[in-house]
Amino acid sequence: MVKVRIINGNEAAALGAKLSGVQVVAAYPITPQSKIPETLAKYVESGELKAEFIRVESEHSALTVCISASTVGARVFTATAANGLAYMHEQLHWAAGARLPIVMALANRGLGAPWTIFNDMQDSIAQRDTGWMQVYCRDNQEIIDSIIMGYKISEQIHVPMMVCFDGFVLSHTVMPVELPDQERVDAFLPAYKPHLQVDGPEPLNINPVMLAEPRADARGVACPSYMGFRMRLQKTLEGAEDVILQVGREFGDLFGRHYGYLLWEYRTDGADTILLTMGSLANEASLAADQLREKGYKAGVVALRVFRPFPAEALRKALSQVENLIVFDKNISYGYEGATCTETKAALFDSGLRPVITNFIVGLGGKSVSPADLQSAALAALQQKGRINGPQWLGVAV
Amino acid sequence: MTSKKDKFISACATLARGEAGRTGDWRAKRPIIDLSKCTPCKTGKPSCYLCWLYCPDGTVGRGMPVEIDLTYCKGCGICAEVCPTKAISMEVEEDFLDADCGGRTEAERVPGES
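Chains as they are written, first to last, in the working numbering: chain A, 1 to 398; chain B, 399 to 512.
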């Protein structure tokens, strides 16, 4: 019998980590932290989860502990949000460069100043270029599933993953979630084997200074330069889509929920107008699309489930018939526009597709975005003549 | 490149001599030992060896006479600084290039290294 529990996103993330059999958890309870570490601490204390819960003095140290533990072969987990993630920034690069399969839960929240604890995606989008994979969840079920799949994907290609979900909108909202059965998760997720054995018969010095040119090691074997290792990270991410899809299908075969897709699509058949977004806003967008369909517009929704690696090919396919593309970003690259808008434009450039693209910046610092808001934004975009330069701020009068 | 056969996933080094490459060619100045001033050589007793103790790259030998491995010596000059009898002087590396190809012959150069 399928076990269903009514839980919020934080509990879903903690359960995902527990089911994945994480061995080390390190997190710091700065504001804004979430209930995720608290829940995991409870599991460890009660003996439900055989793991080390390591209390640290900062997020920077939390990720550093994860890096060390992952290096020596532990399956590790951490969770953070907003400024805490920003504080991890240096170590995010390190984890990716060291090729450690760390999975992190991230309750998306806005960054100060001014101070906010509420939802937007500025925190994770600002970490776009660290080399981590980024997955965005639409609901709490996707959180628990994405964390379990995350370990399988990360450990296969040795690249860390952020499982991102909207703060408050998902992190603090309860909804029914099917709990994957522990035995099946164990069958799905083999034990983690690190790609290096640092304390083997030949002890290793890891991640030493790399020179700009390749060098010969003591045995005369040519070793890559810094750029050679960085190129390997990029090539691996370029090939990661196949692994993400394969693991998503495998997960579906075992648990009945298929994730063999990079983009979530809704009513895109015959659609000439697409609302493009990420995360839980896809739900509001799908209601907006329904309303637009009722008014006679051929509207649909595309939501990026995976943002890194960027699913450019899948987007070109999904948007091949689109005339109007309306992009809703809960983030902005200040001085330009929303990140998903920029990247989607770049993906379309090579294909020669030239829909009219309108970018709306929405929901920063927790500003609520209703289906009606999205619908009126879409109608305004459809009625405009020609292309508008620059993003528009939805519902910000003052 | 990213196939399973690629053993270079992340960077690492073993604890072996020369693992970081032949660092001798970084050198701008070369340590030259005046054995008439060097304490162990002068006294005939295995003593002092501060140069050996302080060399950050382990290129100084604790023998008789004291020798410096120019294949790996980066020319930092710490040995010259710590020598109590000022037996070590740092000489401009370029002045030796014609004579000995900077401590190694052209044939010894590692492929791919500039």
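By construction, these hints were calculated from the structure, which means they are not laboratory data.
Ideal placement from N, C-alpha and C gives every residue a C-beta, glycine not left out.
Worth double-checking, as some hints may not be accurate.
As the list claims (entries may be wrong) - Derived list of chain B stretches under chain A, where covered just means 3 residues or more per stretch with a C-beta under 8 Å from a C-beta of chain A:
1) 417-426
2) 429-438
What the hints assert, rightly or not - The calculated lysine-lysine pairs, modelled on DSS-like cross-linking and capped at a C-alpha distance of 30 Å, are:
3) B:LYS440 <-> B:LYS427
4) A:LYS235 <-> B:LYS443
5) A:LYS298 <-> A:LYS193
6) B:LYS427 <-> A:LYS193
7) A:LYS385 <-> A:LYS367
8) A:LYS298 <-> A:LYS317
Right, here's what the structure says about each hint:
1. 417-426: Check passed, 3 qualifying residues.
2. 429-438: violated (count 0)
3. B:LYS440 <-> B:LYS427: holds (25 Å)
4. A:LYS235 <-> B:LYS443: Violated, at about 58 Å.
5. A:LYS298 <-> A:LYS193: violated (49 Å)
6. B:LYS427 <-> A:LYS193: violated (46 Å)
7. A:LYS385 <-> A:LYS367: Judged against 30 Å, a Cα distance of about 28 Å means the pair holds.
8. A:LYS298 <-> A:LYS317: holds (17 Å)
This entry does not satisfy hints 2, 4, 5 and 6, going by the numbered hints stated previously.
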